[in-house]
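Chemist: Add chain B to chain A, keeping to what the hints say.
Those protein sequence lines, which keep their order, are chains A and B.
Throughout the first sequence, residue numbering follows the numbering used here, covering 143 to 350 in sequence.
Throughout the second sequence, residue numbering follows the numbering used here, covering 143 to 350 in sequence.
No wet-lab data here; the hints were simulated from the structure.
Heads up, a few of these hints could be off.
[Unchecked claim] Heads up, simulated BS3-like pairs for lysine-lysine below, C-alpha to C-alpha not over 25 Å straight-line:
1. A:LYS281 with A:LYS219
2. B:LYS310 with B:LYS226
3. B:LYS264 with B:LYS214
4. B:LYS268 with A:LYS263
5. B:LYS193 with A:LYS148
6. A:LYS281 with A:LYS267
7. A:LYS268 with A:LYS245
8. B:LYS263 with A:LYS264
9. A:LYS203 with A:LYS214
10. A:LYS245 with A:LYS314
11. A:LYS268 with B:LYS263
12. A:LYS214 with A:LYS226
13. B:LYS281 with B:LYS264
14. B:LYS214 with B:LYS168
15. B:LYS168 with B:LYS219
16. A:LYS286 with A:LYS264
17. A:LYS245 with A:LYS214
18. B:LYS203 with B:LYS245
19. B:LYS168 with A:LYS263
20. B:LYS193 with A:LYS193
21. B:LYS264 with A:LYS268
22. B:LYS328 with B:LYS148
23. B:LYS148 with B:LYS245
24. A:LYS263 with A:LYS286
25. A:LYS193 with B:LYS148
26. B:LYS148 with B:LYS168
27. A:LYS226 with A:LYS168
28. A:LYS203 with A:LYS245
29. A:LYS245 with B:LYS264
30. B:LYS193 with B:LYS226
31. A:LYS264 with B:LYS245
32. A:LYS226 with A:LYS268
33. B:LYS264 with A:LYS264
34. A:LYS168 with A:LYS148
35. A:LYS264 with B:LYS268
36. A:LYS263 with B:LYS281
As the structure is a prediction and not an experimental result, all values here were calculated from the model.
There are 2 protein chains.
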Amino acid sequence: MVKKTKIPEITITRLSNYFRVLDEFKRREFYNIASYQLAEEMDINDSQVRKDLAYFGQFGKPGMGYEMTRLKEEIQKILGLTRKWRVALVGVGNLGSALLAYKGFQGQGFHIIAAFDSDPKKMGKKWAGTVVYDITELKSIIRKERIEIGIITIPAPAAQEVANLLTKAGIKAILNFAPVRIAVPKNVRLSNVDLSLRLENLSFFLSR
Amino acid sequence: MVKKTKIPEITITRLSNYFRVLDEFKRREFYNIASYQLAEEMDINDSQVRKDLAYFGQFGKPGMGYEMTRLKEEIQKILGLTRKWRVALVGVGNLGSALLAYKGFQGQGFHIIAAFDSDPKKMGKKWAGTVVYDITELKSIIRKERIEIGIITIPAPAAQEVANLLTKAGIKAILNFAPVRIAVPKNVRLSNVDLSLRLENLSFFLSR
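Isolated chain A, as found in the complex (with noise of 0.2 Å):
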């Protein structure tokens, strides 16, 4: 019986930081690179990386390196990043907004395909490319348009409900960034962002 390794998510989140560093290396045009330089980059040590790359096969050679474009198409299709994927935005606030306008999204594969608000001056406009419909037409949308991946951007008090909608019309995978917990199916899976995070990261180093 063969278990599938639970990989950590800090090793994910690492995953999408060599793929970043792999770009920027590839376009300085460099053509194999160490596990230390990888470390370096990311202020980690080597045997991290090594450790990190082992739970998905053996990519390099001891004492060799790796072989950056093979590395980086190996950690792409790991990501998930070889194809497309269709996401809806659910809140077409001021971070909606930002969101639908975000260029970073497009560039690794995540198309907003439609977005959903309750007030009707939002509906049936555009906006940065991306139509907003009413959040009743929510189930019929996302199943017409095959959509896989859902953004909540909606204050915190109905993110649990937008959640639920998002579950039963067939969402597999959800982003929240209502700061709030919401509960979904096993089968689901939920990333939360909580900004203040990152302010707490820079807090703790200013008081040390």
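Modeler: Chain B only, in chain A's frame:
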């Protein structure tokens, strides 16, 4: 010679999460908490909880768990959350406006005292209670208001320039939302928020 222990980044993030979990438990009127309870809430091992907390001293007794109020206060102290932090935000676009209106910051002691923009139509006005100043006044306002933390919410091309302005004004910590790598002097703490990272965590799991 005593060497200051290097605390892993992820431990600091987890401290913020312990703090939130303890807050949750406190509202449910628990008085003691075991490491396995904290671990369960955060989906990690209880040995990890003990290891994280051990960086900062001896908080609990073996077999007795932690005294909730004391542990919460200690973590608050470690994270620098027992005092107010004076924050400036540069770039009052959609994302900047969203952060100015974000209720979560103030509750944790982060007060956005001043905002800056280069658009004359925004200058002199208030947004969510915060005055928007001309960016040319940045240095004098930051010094006068004794601001310590800067948040960058402008487009990528101008981010480095704004970071330079902030550090020259004496800012010691920067939270950067611009999707670009910026450089800061060694004595300045920089934290980058990459909004795509969390989506990549979701696509990783959807791809498995």
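Chemist: Does each hint hold? Answer for all of them.
Modeler: Hints versus structure:
1. A:LYS281 with A:LYS219: 30 Å, violated
2. B:LYS310 with B:LYS226: Status holds; Cα separation ~22 Å.
3. B:LYS264 with B:LYS214: Distance of about 40 Å is beyond 25 Å: violated.
4. B:LYS268 with A:LYS263: 24 Å, holds
5. B:LYS193 with A:LYS148: 20 Å, holds
6. A:LYS281 with A:LYS267: Status holds; Cα separation ~19 Å.
7. A:LYS268 with A:LYS245: The hint holds at about 16 Å.
8. B:LYS263 with A:LYS264: 23 Å, holds
9. A:LYS203 with A:LYS214: Distance of about 16 Å is within 25 Å: holds.
10. A:LYS245 with A:LYS314: 24 Å, holds
11. A:LYS268 with B:LYS263: 24 Å, holds
12. A:LYS214 with A:LYS226: 17 Å, holds
13. B:LYS281 with B:LYS264: Since the Cα atoms of B:LYS281 and B:LYS264 sit roughly 18 Å apart, the hinted pair holds (cutoff 25 Å).
14. B:LYS214 with B:LYS168: OK: B:LYS214 and B:LYS168 at ~9 Å, within 25 Å.
15. B:LYS168 with B:LYS219: 17 Å, holds
16. A:LYS286 with A:LYS264: 21 Å, holds
17. A:LYS245 with A:LYS214: 21 Å, holds
18. B:LYS203 with B:LYS245: 37 Å, violated
19. B:LYS168 with A:LYS263: 41 Å, violated
20. B:LYS193 with A:LYS193: Cα-Cα ~20 Å, so holds.
21. B:LYS264 with A:LYS268: Given that 25 Å is the threshold and the Cα spacing comes to 24 Å, the pair holds.
22. B:LYS328 with B:LYS148: Holds, at roughly 16 Å.
23. B:LYS148 with B:LYS245: 32 Å, violated
24. A:LYS263 with A:LYS286: 24 Å, holds
25. A:LYS193 with B:LYS148: Since the Cα atoms of A:LYS193 and B:LYS148 sit roughly 20 Å apart, the hinted pair holds (cutoff 25 Å).
26. B:LYS148 with B:LYS168: 30 Å, violated
27. A:LYS226 with A:LYS168: 22 Å, holds
28. A:LYS203 with A:LYS245: 36 Å, violated
29. A:LYS245 with B:LYS264: 23 Å, holds
30. B:LYS193 with B:LYS226: 29 Å, violated
31. A:LYS264 with B:LYS245: 23 Å, holds
32. A:LYS226 with A:LYS268: 21 Å, holds
33. B:LYS264 with A:LYS264: Given pair B:LYS264, A:LYS264 holds - Cα atoms ~23 Å apart, limit 25 Å.
34. A:LYS168 with A:LYS148: 30 Å, violated
35. A:LYS264 with B:LYS268: Since the Cα atoms of A:LYS264 and B:LYS268 sit roughly 24 Å apart, the hinted pair holds (cutoff 25 Å).
36. A:LYS263 with B:LYS281: Status violated; Cα separation ~40 Å.
In the structure shown, a violation is registered for the earlier hints numbered 1, 3, 18, 19, 23, 26, 28, 30, 34 and 36, in ascending order.
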